[in-house]
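Q: Kindly produce the complete structure, drawing on both the sequences and the hints.
The listed protein sequences correspond, in order, to chains A and B. Note that my numbering gives residue 65 to position 48 of the first sequence, counting from 1, and the numbers run on in steps of one. Note that my numbering gives residue 94 to position 77 of the second sequence, counting from 1, and the numbers run on in steps of one.
Read the hints as simulated data drawn from the structure, not as lab findings. The structure presented is a predicted model; accordingly, all values stated were derived computationally and were not measured. Watch out, some of these pointers could steer you wrong.
One copy or two, either will do: identical chains are not told apart, so a pair holds if it fits within one copy or between any two.
Taking lysine to any residue pairs in the SDA-like style, the calculated list, with each CA pair at most 25 Å apart, reads [as the list claims (entries may be wrong)]:
{"hint": "1", "residue 1": "K93", "residue 2": "S19"}
{"hint": "2", "residue 1": "K20", "residue 2": "N46"}
{"hint": "3", "residue 1": "K93", "residue 2": "N40"}
{"hint": "4", "residue 1": "K93", "residue 2": "G43"}
{"hint": "5", "residue 1": "K20", "residue 2": "A94"}
{"hint": "6", "residue 1": "K20", "residue 2": "I32"}
There are 2 protein chains.
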Amino acid sequence: MSKSIFYHAGCPVCISVEYDIVNLIGSNNVEIVNIGENKSRIPEAEAAGVKSVPALVTSNGNALHINFGASMADVKA
Amino acid sequence: MSKSIFYHAGCPVCISVEYDIVNLIGSNNVEIVNIGENKSRIPEAEAAGVKSVPALVTSNGNALHINFGASMADVKA
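A: Printed below as a string of structure tokens:
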């Protein structure tokens with residue numbers, strides 16, 4: 018199974034949800050990407066349907082927006 | 018580990034997310050509760066911090082709102 022990707026931007030909501038996601042699915046099954054620091058990964062996240070962070074893109078390509086930390090516009094600002 | 022609980026209300030967004038969550042964490046690790054059909058479980062969901070469905074309440078008590086299907090007000094209506 019390919020990994021899920023968890024996109025976040027370092028916000029408090031993001032960090033809390035990251036902890037829960039790693040707990041739920043295991044750190045080996047998810048790649049953590051901080052698109053606040055690593056802006057080159059923003060286009061890939063948007064292409065996967067990510068509208069806000071934190072978000073988990075599953076290995077079958079679904080974007081799951083989990084709670085709400087920041088919009089993509091906020092992340093790009 | 019105690020189970021997480023996935024609350025939903027049968028909406029299309031809920032069903033899609035339910036499929037992803039079961040895939041990610043395994044059906045043995047999550048209880049699925051349809052609070053649209055089983056309204057007696059609504060108070061427990063609200064006490065856990067659920068504001069909309071679908072939502073996953075983790076075993077450590079965090080409410081993760083995943084995408085957006087319906088508000089609790091919609092579910093009660």
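Q: When the structure is checked against the list of hints, which entries are broken? Sort them ascending.
A: 1, 3, 4, 5
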